[in-house]
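2 protein chains.
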Amino acid sequence: MRRGAISVVAVVALAGVVASMAPASGQADGEAAPIYGVELPPGYRDWRLISVARVGGPLNDLRAKLGNEVAIKAYREGKRPFPDGTIVARLAWRQVPSGETNEAVGRSLERGSSADALQKLLADSFEAGPPTNVQVMVKDSRKYASTGGWGFAQFNDGKPADEAVHKTCFPCHEPAKDRDFVFTRYAP
Amino acid sequence: MRRGAISVVAVVALAGVVASMAPASGQADGEAAPIYGVELPPGYRDWRLISVARVGGPLNDLRAKLGNEVAIKAYREGKRPFPDGTIVARLAWRQVPSGETNEAVGRSLERGSSADALQKLLADSFEAGPPTNVQVMVKDSRKYASTGGWGFAQFNDGKPADEAVHKTCFPCHEPAKDRDFVFTRYAP
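So the protein sequences, as listed, match chains A and B.
Here this note's numbering runs 16 ahead of the position in the first sequence, where the first position is 1.
Here this note's numbering runs 16 ahead of the position in the second sequence, where the first position is 1.
Honestly, the hints are just simulated from the structure, not real lab data.
In this text, a Cβ means the ideal position worked out from N, Cα and C, and glycines have one as well.
Any given hint could be a false lead.
The calculated label-pair distances, taken between Cβ atoms and stated as ranges, are [stated by the list, open to error]:
#1 A:S157 <-> B:P97: 31 to 41 Å
#2 A:Y202 <-> B:Y202: 19 to 29 Å
#3 A:K136 <-> B:D156: 34 to 44 Å
#4 B:A161 <-> A:G53: 53 to 63 Å
#5 B:R96 <-> A:E190: 44 to 54 Å
#6 B:R158 <-> A:D173: 35 to 45 Å
#7 B:A161 <-> A:E179: 52 to 62 Å
#8 B:A131 <-> A:D140: 23 to 33 Å
As a list, the in silico DSS-like pairs of lysine-lysine whose alpha-carbon atoms are at most 30 Å apart [what the hints assert, rightly or not]:
#9 B:K89 <-> A:K89
#10 A:K193 <-> A:K89
#11 A:K183 <-> A:K95
#12 B:K159 <-> B:K95
#13 A:K183 <-> B:K136
#14 B:K89 <-> B:K193
#15 B:K175 <-> B:K159
#16 B:K193 <-> A:K136
#17 B:K183 <-> A:K136
#18 A:K159 <-> A:K183
#19 A:K159 <-> A:K95
#20 A:K89 <-> B:K175
#21 B:K89 <-> B:K159
#22 A:K193 <-> B:K136
#23 B:K193 <-> B:K159
#24 B:K136 <-> A:K136
#25 B:K159 <-> B:K183
#26 A:K136 <-> A:K89
#27 A:K175 <-> A:K89
#28 A:K175 <-> A:K159
#29 A:K193 <-> A:K95
#30 A:K193 <-> A:K159
#31 B:K175 <-> B:K89
#32 A:K175 <-> B:K89
Covered stretches of chain B (in silico footprint by chain A; criterion: 3 or more residues with CB under 8 Å from a CB of chain A, positions within the stretch not fixed) [claimed, not checked]:
#33 78-86
#34 104-114
#35 131-138
#36 147-157
#37 166-174
#38 190-204
The following block holds chain A by itself, in its conformation from the complex:
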């Protein structure tokens, strides 16, 4: 049981609810997520970029981590642990074949030159498609003392995911304890 459970935890925490494909609007509706009571922070879609990532199948997504002012300042100054008030938002989108690459190299492919290399490039190039879900980490060292000072939440189309999903958040972040439970590094 234990090993199966841990695998599921890891995948669920990375995935959020894979099936949720409705658009994430970036609009907060004030509904608090279970366990931690975290709400979708207003205006998070306007926050600055921390970094980007890709997660493979079965998720196959592209993701961006955005940070509020407190988060960005802490990242740039290398301040750890993150100060109270830090919020990190992880946005993710289904990866879809890249129109950018397809259109740019399509004609060259048709003409047959360097076709193998370009075909490979093309098959392995993706852009952001439909959004999947948004995950949030909020630092409040007193309120969330039992989970490393972090409150976690996942929103599907702006609505909080269920309690089972939220139980996976902290166990999955525990391996990053030496980085204040935050996996993402700042991308210069």
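Since the structure of chain A is provided, determine the placement of chain B on it from the hints.
Below, chain B alone, put in the same frame as chain A:
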């Protein structure tokens, strides 16, 4: 000759100079790029996110497109052509194995449950590594009338790339003429 040349154009424009691995600082130094005279816009690293993408081998990068105020407003309002003053910055980083995924699922893998699926997930998960280069598109419909109203530039570690690189910009963007020469779509 022509077919070979076009393939190279496509790859170079997507890649920038692949060999350039020095960090992009996000700091403008005021040095103008050849042909278009575009400078690295101050503060671009603080701009809002348009979308993310991945380009396959031999580039193997993860990229983020950021936009200035004019760009973000035009994207959100669906305004085309983009108004003068629009600037889009494309940042890119070498993709490296994802510490996020590795650390989160590593233990489950060791315990052997769902190992195949998780191994696949792990092998196909990446995060942003060292920056490669920054590319910029600036809209000025009069100044750049002969190239669709856009001026282009690429900066390697804050320094403009050479003229040969800049000759590849517009030919590669031409297929996106119906979208005002901009490939990237806004990711909600």
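Structure-based check of all given hints:
1. A:S157 <-> B:P97: 31 to 41 Å: violated (49 Å)
2. A:Y202 <-> B:Y202: 19 to 29 Å: Since Y202 of chain A and Y202 of chain B have Cβ atoms about 24 Å apart, the given range 19 to 29 Å holds.
3. A:K136 <-> B:D156: 34 to 44 Å: Because 37 Å falls inside the window, the suggested range holds.
4. B:A161 <-> A:G53: 53 to 63 Å: holds (55 Å)
5. B:R96 <-> A:E190: 44 to 54 Å: Between R96 of chain B and E190 of chain A, where Cβ atoms are some 47 Å apart, the hint holds.
6. B:R158 <-> A:D173: 35 to 45 Å: 43 Å Cβ-Cβ, so the 35 to 45 Å window holds.
7. B:A161 <-> A:E179: 52 to 62 Å: Hint holds: Cβ distance 58 Å, inside 52 to 62 Å.
8. B:A131 <-> A:D140: 23 to 33 Å: Because 24 Å falls inside the window, the suggested range holds.
9. B:K89 <-> A:K89: holds (25 Å)
10. A:K193 <-> A:K89: holds (20 Å)
11. A:K183 <-> A:K95: Since the Cα atoms of K183 of chain A and K95 of chain A sit roughly 28 Å apart, the hinted pair holds (cutoff 30 Å).
12. B:K159 <-> B:K95: Between K159 of chain B and K95 of chain B the Cα gap is close to 20 Å, so the pair holds against 30 Å.
13. A:K183 <-> B:K136: holds (25 Å)
14. B:K89 <-> B:K193: holds (20 Å)
15. B:K175 <-> B:K159: holds (22 Å)
16. B:K193 <-> A:K136: Distance ~25 Å between K193 of chain B and K136 of chain A Cα, so the pair holds.
17. B:K183 <-> A:K136: This hinted pair holds, its Cα atoms lying about 25 Å apart.
18. A:K159 <-> A:K183: Distance of about 17 Å is within 30 Å: holds.
19. A:K159 <-> A:K95: Given pair K159 of chain A, K95 of chain A holds - Cα atoms ~20 Å apart, limit 30 Å.
20. A:K89 <-> B:K175: Status holds; Cα separation ~26 Å.
21. B:K89 <-> B:K159: holds (22 Å)
22. A:K193 <-> B:K136: It holds: about 25 Å lies between the C-alpha atoms, which stays within 30 Å.
23. B:K193 <-> B:K159: Satisfied, since the Cα-Cα distance of roughly 18 Å is no more than 30 Å.
24. B:K136 <-> A:K136: holds (19 Å)
25. B:K159 <-> B:K183: holds (17 Å)
26. A:K136 <-> A:K89: violated (39 Å)
27. A:K175 <-> A:K89: Between K175 of chain A and K89 of chain A the Cα gap is close to 28 Å, so the pair holds against 30 Å.
28. A:K175 <-> A:K159: holds (22 Å)
29. A:K193 <-> A:K95: Holds, because 15 Å separates the two Cα atoms, which is no more than 30 Å.
30. A:K193 <-> A:K159: With a Cα-Cα distance of about 18 Å, the restraint between K193 of chain A and K159 of chain A holds, given a limit of 30 Å.
31. B:K175 <-> B:K89: holds (28 Å)
32. A:K175 <-> B:K89: holds (26 Å)
33. 78-86: Answer holds; 4 residues pass the 8 Å Cβ test.
34. 104-114: With 4 residues closer than 8 Å to chain A, the region 104-114 of chain B meets the three-residue bar; holds.
35. 131-138: With 5 residues closer than 8 Å to chain A, the region 131-138 of chain B meets the three-residue bar; holds.
36. 147-157: With 1 residues in contact (Cβ-Cβ under 8 Å with chain A), the coverage given for the region 147-157 of chain B is violated.
37. 166-174: It is violated, with 0 qualifying residues against the three required.
38. 190-204: This one holds; 7 residues, not fewer than the three required, reach chain A with a Cβ under 8 Å.
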